[in-house]
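Visitor: Read off the chains here:
There are 2 protein chains.
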Amino acid sequence: MLIVKKFGGTSVADKERIMNVANRCIKDYKAGHDVVVVLSAMGKQTDVLIDMAKDINPQPGKRELDMLLTTGEQTSVALMAMAMSYLGVPAVSLNAFQVAMHTTSAYGNARIKRIDTERIRNELDLKKIVIVTGFQGINKYDDYTTLGRGGSDTTAVALAAALHADACEIYTDVDGVYTADPRIVKNARKMKEITYDEMLDLATLGAGVLHNRSVEMAKKYNVQLVVRSSLNESEGTVVKEDVKVERMLVSGVAADKNVTRLSLIGLKDKPGIAFKVFDLLAKANINVDMILQSIGRYETKDISFTIPRDSFDEAYKVLNDNKASIGAEEISYNNKVAKVSIVGAGMMSNPGVAAKMFETLYNSNININMISTSEIRVTVLINEQDTDKAMNAVHDAFGLAD
Amino acid sequence: MLIVKKFGGTSVADKERIMNVANRCIKDYKAGHDVVVVLSAMGKQTDVLIDMAKDINPQPGKRELDMLLTTGEQTSVALMAMAMSYLGVPAVSLNAFQVAMHTTSAYGNARIKRIDTERIRNELDLKKIVIVTGFQGINKYDDYTTLGRGGSDTTAVALAAALHADACEIYTDVDGVYTADPRIVKNARKMKEITYDEMLDLATLGAGVLHNRSVEMAKKYNVQLVVRSSLNESEGTVVKEDVKVERMLVSGVAADKNVTRLSLIGLKDKPGIAFKVFDLLAKANINVDMILQSIGRYETKDISFTIPRDSFDEAYKVLNDNKASIGAEEISYNNKVAKVSIVGAGMMSNPGVAAKMFETLYNSNININMISTSEIRVTVLINEQDTDKAMNAVHDAFGLAD
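Those protein sequences? They're chains Y and Z, same order as listed. For what it's worth, our numbering labels the leading residue of the first sequence as 1, then goes sequentially. For what it's worth, our numbering labels the leading residue of the second sequence as 1001, then goes sequentially.
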């Protein structure tokens, strides 16, 4: 078997953890498997490097920032190879140039285009464990790029796809995907299996276990993922196309507190206003999520929408600078909101799911500000202080507990 | 003009110094020159990385150690590019892959074979300052190599040669090459010019201003070097083939305390013994310097030689393990010795120079243990405690003071 194993920064934060990961990989190697390991930078090293950069230049160029950040993974892969060699197993570390990991040219947010597998295959043929830098690539100018936060997951999936690996294991500090965040919902249950689509909605919605681009890529190339803990031997959660167990209506509940609700009040009811607003935000690279437009009963109308809370300052500035040309009487906002979502492939054929969620929240005396739905997801915007109560109530109502 | 400027680790140790170097380079850029900058890793970063490696694996593989160490220069070049960009000048950092800097395959001690200049020329044509990682290269396997301690000097000279640069400036924490170490000889004088050969002897003899491989390469490709201070605007010392000013007999005095004298006593007077001894040491990678063999007046003879003091443990072990097969009655050593040398292109045609040095030392009551000479150099081995006295006496005797 060829196994790709990905370990995040926490798993390689110090000598002891590096040795732990090395031993784990060696176990597979000694069982006769070909092992490719993908690593992130050690601990908080990426943040340390960003701070160093901003100390020199508050707005460092993205090309040079990527040049700096890529040293993080190169450090961890070199140390890991030394650890394995210390433990008596031949290993070799490879960076994005050596692999080569070709990406688009967008510094800081590149997409993987193509991976050369020759070097990796040669090293595997020499019976070495191959350790590859996650998160980084090279573009057509022969410059380093990075894949954005959590990009090492994507590196692992892309490598598994390119190498036709038999398994792609993502090691994190939780031991799988849960029906809800176990820190908030005490009786949350670990799922044995979940579909790509459910995982995608959960990743996007803030469950934070897997980087969503990695799930998209796994779905596209049909790479079976396993999410496991680097701290114990627990079996983890398998992410794949079809799940055999009988479907529950709802698979999981997720919350996201990185949300702000913005409203433009008193807009003229004429065509093109909405386009203008969202075009301005798109040009400032601000992701708009839920959108609600009041129905034109009066002369003016309102538009409300949610954005990531950390984009609020920029979004407010863009809108305020263009208030006159948009024709808004007032801009209001609420930073004390949260999104709570239920996800489940089973809800496609069960129209009562959304209603049941709303009823549950009503019974818990929780007010709903906005609603958004997709085929396999229902999301509500509520007051932030109600988040934990809402999650527990919904989790219980859909029978997700152990 | 195309100028290559090299700054060592001390010159880029923190934000303030990075800004200082950036400003210095920008001054040349704004005067209309093409500027290529070569940097070492920040401060003691290379030592920090070596310690990290040894903590994981006391004997890290050289291939992986180079993979780790090269992150040091990549960090400093990226930060320097950000600093220049902050100061309003376009800059781009390049590592050994991007240049590309081809070397032999010897990890940890590679030699530069060939430098591609296309990327650098393209970036210079775009009116950017180009910042290149010193010390590192890539070999035919597409692996990182390093050039050994002080290798960034060599990178700078090799780049100057490949780019046919008009000047190659090596910035250090001293403001040029002195007739003797100014910390020891108070009235030491800064030289305006020095020949490659004199500089080579001074570098080898422990003056420590320039890496001697860089001087060899400068001589081979006729690259005119300037040694200058990164802390002031002083003119520095020019290193070149021919020096126009009237030659002094002696250009400078240098001392080296990293010396141990070893003696093999009571060797049989038969052929092949010396070969056997020095072959054993060569195989252990120990550099032997001065060699003295007693003349065969008696049945047995002695061989004395000097080695770097930090190789003593290993050398003693090798010799002691082979004591019987060498046929030595006794191995004696002295760790309390030092080499003092005078260097000068002018001494070739002046046979009295060595005699004058010996007389000076005799008058200062300093005992000479061993003597070694070349065309432009005289070296004596003396007791370590006499080093400073010897340097001052010789410096005065040859009229080197201000």
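The hints are simulated quantities; they were obtained by calculation from the structure and are not laboratory data. Computed from a predicted model, the values in this text were never measured in an experiment. Yeah, the Cβ is synthetic: ideal placement off N, Cα and C, and Gly gets one too. One or more hints might be untrue.
Claimed, not checked - Covered stretches of chain Z (chain Y as the covering partner; in silico rule of three or more C-beta atoms under 8 Å from a C-beta of chain Y):
(1) 1068 to 1075
(2) 1081 to 1090
(3) 1109 to 1116
Stated by the list, open to error - Sample of chain Z residues lacking proximity to chain Y, with all beta carbon distances greater than 10 Å (derived):
(4) Ile1018
(5) Met1019
(6) Gly1148
(7) Ala1167
(8) Val1318
(9) Asp1386
Unchecked claim - Below, computed lysine to aspartate or glutamate pairings styled on EDC-like, alpha-carbon distance capped at 16 Å:
(10) Y/Lys54 to Z/Asp1014
(11) Z/Lys1276 to Z/Asp1302
(12) Y/Lys54 to Z/Glu1016
(13) Y/Lys15 to Z/Asp1055
(14) Z/Lys1054 to Y/Glu16
(15) Z/Lys1015 to Y/Asp51
(16) Z/Lys1054 to Y/Asp14
(17) Y/Lys15 to Z/Asp1051
Visitor: Taking a Cβ-to-Cβ distance below 8 Å as contact, does the region 1109 to 1116 of chain Z have at least three residues touching chain Y?
Guide: Violated - the region 1109 to 1116 of chain Z has 0 residues with a Cβ nearer than 8 Å to chain Y, which falls short of three.
Visitor: Does the claim that Z/Ala1167 lies off the interface hold, with its Cβ farther than 10 Å from every Cβ of chain Y?
Guide: holds, 26 Å
Visitor: Run the distance test for Y/Lys54 versus Z/Glu1016: straight-line Cα separation, threshold 16 Å.
Guide: Roughly 14 Å separates the two Cα atoms, so the pair holds.
Visitor: Take a quick look at Z/Met1019 and tell me if its Cβ sits farther than 10 Å from every Cβ on chain Y, holds or violated.
Guide: violated, 8 Å
Visitor: For Y/Lys54 and Z/Asp1014, compute the direct alpha-carbon distance and say whether it is at most 16 Å.
Guide: holds, 13 Å
Visitor: Does Z/Asp1386 clear chain Y by more than 10 Å, comparing its Cβ with all Cβ atoms of that chain?
Guide: Per Cβ check, Z/Asp1386 is outside 10 Å of chain Y; nearest 44 Å; holds.
Visitor: Would you assess whether Z/Ile1018, listed as outside the interface, keeps its beta-carbon beyond 10 Å of every beta-carbon in chain Y?
Guide: violated, 6 Å
Visitor: Sort out whether Y/Asp51 lies within 16 Å of Z/Lys1015, counting only the CA atoms.
Guide: Since the Cα atoms of Z/Lys1015 and Y/Asp51 sit roughly 12 Å apart, the hinted pair holds (cutoff 16 Å).
Visitor: Taking beta carbons only, do three or more residues of the region 1081 to 1090 of chain Z come closer than 8 Å to chain Y?
Guide: Held - the region 1081 to 1090 of chain Z has 5 residues with a Cβ nearer than 8 Å to chain Y, which meets the minimum of three.
Visitor: Would the non-interface assignment of Z/Val1318 survive a Cβ cutoff of 10 Å against chain Y?
Guide: Non-interface label stands for Z/Val1318: nearest chain Y Cβ at 26 Å, farther than 10 Å.
Visitor: Checking one constraint from the list: CA of Y/Lys15 to CA of Z/Asp1055, max 16 Å. Satisfied?
Guide: Roughly 8 Å separates the two Cα atoms, so the pair holds.
Visitor: Tell me if the straight-line CA distance from Y/Lys15 to Z/Asp1051 falls inside 16 Å.
Guide: Holds, at about 12 Å.
Checked against the numbered hints given earlier, this structure breaks hints 3, 4 and 5; the rest are met.
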